[in-house]
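Asks: Modelling step: build the complete structure from the supplied sequences, incorporating the hints.
When we follow our numbering, the leftmost residue of the sequence shown carries the number 66, and every step to the right adds one.
There could be a bad hint or two in this list.
[Said to hold, decoys possible] Straight-line distance between alpha carbons at most 25 Å, and here's what the computed DSS-like set of lysine-lysine pairs gives:
#: 1; residue 1: Lys246; residue 2: Lys89
#: 2; residue 1: Lys89; residue 2: Lys250
#: 3; residue 1: Lys265; residue 2: Lys203
#: 4; residue 1: Lys205; residue 2: Lys265
#: 5; residue 1: Lys223; residue 2: Lys250
#: 6; residue 1: Lys89; residue 2: Lys168
#: 7; residue 1: Lys120; residue 2: Lys168
#: 8; residue 1: Lys223; residue 2: Lys203
#: 9; residue 1: Lys203; residue 2: Lys294
#: 10; residue 1: Lys294; residue 2: Lys246
#: 11; residue 1: Lys223; residue 2: Lys210
#: 12; residue 1: Lys120; residue 2: Lys265
#: 13; residue 1: Lys223; residue 2: Lys205
#: 14; residue 1: Lys265; residue 2: Lys294
#: 15; residue 1: Lys89; residue 2: Lys120
#: 16; residue 1: Lys89; residue 2: Lys265
FYI, nobody ran anything at the bench for these hints, they're computed from the structure.
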Amino acid sequence: MFRTLGVNNETLTATLESAVYMSKVVIYGHNLSPAGTINVALLLNGEAVAETGFKGVAELIPLGRFRVGIDPWGGHDLSGLSTVSFEANFTPEVANGYRITIKDPTNENGYLEIGRVFSGVPWSPPESMGVSFGVSMKTKTATRKERTEGGSLIAIGKGSWREVSLSFDHLEDNEFENFVKEMNKTDDTTEVYISVYPDKGGVIEAIHSFVAMRQDGYDHTHDRARNRKVPLTYVEV
66 MFRTLGVNNE TLTATLESAV YMSKVVIYGH NLSPAGTINV ALLLNGEAVA
116 ETGFKGVAEL IPLGRFRVGI DPWGGHDLSG LSTVSFEANF TPEVANGYRI
166 TIKDPTNENG YLEIGRVFSG VPWSPPESMG VSFGVSMKTK TATRKERTEG
216 GSLIAIGKGS WREVSLSFDH LEDNEFENFV KEMNKTDDTT EVYISVYPDK
266 GGVIEAIHSF VAMRQDGYDH THDRARNRKV PLTYVEV
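Replies: Take a look at the structure:
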């Protein structure tokens, strides 16, 4: 967790133990306003090898939905969602660090906050082998409801989290091998960033993108020649 004492421009620099391939940096759980901007640079021994330039954290509004005087120009306010993220994408580069610069001088909170930062090279199967229809998304809650002796309904406890179940139904042998390698890098206690609908944009992408742990292990079914089905469930941390 990173939180400033004000809304002045802030720069965060991270140094890794060794150089790795990197193509994505995710800034997760930030409180930046739709007017906020972020610049992310990949570093190799302190020198920038790739840089996004300052990008707005707001999502694009589909044509015809812009509301004059309400929406920022060209942006869609996702601040009403429980957790939002900003993704910086690059062509794969060898890097051993990254630098994040934040600008949001009109932030109404009076401070800037980032929950977590993830970096690396994500795994995603080819579009033809991507997530099948039937994605199940549940918002679960820790609230328990009970009746009092007088008959009133009361709620005990707070807190909610997301749980998404999906399936890759068309993984060919070579991509299944890649999948197994990726799964072996983590276990069901590892926190990872998942995005079920990358590049979709807007609320659909936002609500299906979060930090999660894999529910239990994983299994696969060899349902036809050179094809495997792999169901997965991830639970928000």
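Asks: Next pair to validate is Lys89 with Lys120; report whether the Cα-Cα distance is within 25 Å.
Replies: 14 Å, holds
Asks: Check whether the Cα positions of Lys120 and Lys168 lie no farther apart than 25 Å.
Replies: Judged against 25 Å, a Cα distance of about 10 Å means the pair holds.
Asks: Tell me if the straight-line CA distance from Lys294 to Lys246 falls inside 25 Å.
Replies: 16 Å, holds
Asks: Holds or violated: are the alpha carbons of Lys205 and Lys265 at most 25 Å from each other?
Replies: 24 Å, holds
Asks: If you draw a straight line from the CA of Lys89 to the CA of Lys250, is it 25 Å or shorter?
Replies: Holds - the C-alpha atoms of Lys250 and Lys89 are around 17 Å apart, at most 25 Å.
Asks: Measure nothing beyond the straight line between the CA atoms of Lys89 and Lys168; if it is 25 Å or shorter, mark the hint as holding.
Replies: Distance of about 20 Å is within 25 Å: holds.
Asks: Please verify whether Lys223 and Lys250 have alpha carbons no more than 25 Å apart.
Replies: Violated - the C-alpha atoms of Lys250 and Lys223 are around 33 Å apart, more than 25 Å.
Asks: Measure nothing beyond the straight line between the CA atoms of Lys120 and Lys265; if it is 25 Å or shorter, mark the hint as holding.
Replies: Answer holds: Lys120 to Lys265 is near 18 Å, not above 25 Å.
Asks: Can you confirm whether the C-alpha distance between Lys223 and Lys210 stays at or below 25 Å?
Replies: At roughly 11 Å apart (the allowed maximum being 25 Å), Lys210 and Lys223 satisfy the hint.
Asks: Is the straight-line distance between the alpha-carbon of Lys89 and that of Lys265 25 Å or less?
Replies: 16 Å, holds
Asks: Is the hinted pair Lys265 and Lys294 satisfied, with a Cα-Cα distance of at most 25 Å?
Replies: 24 Å, holds
Asks: What's the verdict on Lys265 and Lys203, does the C-alpha distance respect the 25 Å limit or exceed it?
Replies: 19 Å, holds
The earlier numbered hint that this structure contradicts is number 5, and it is the only one.
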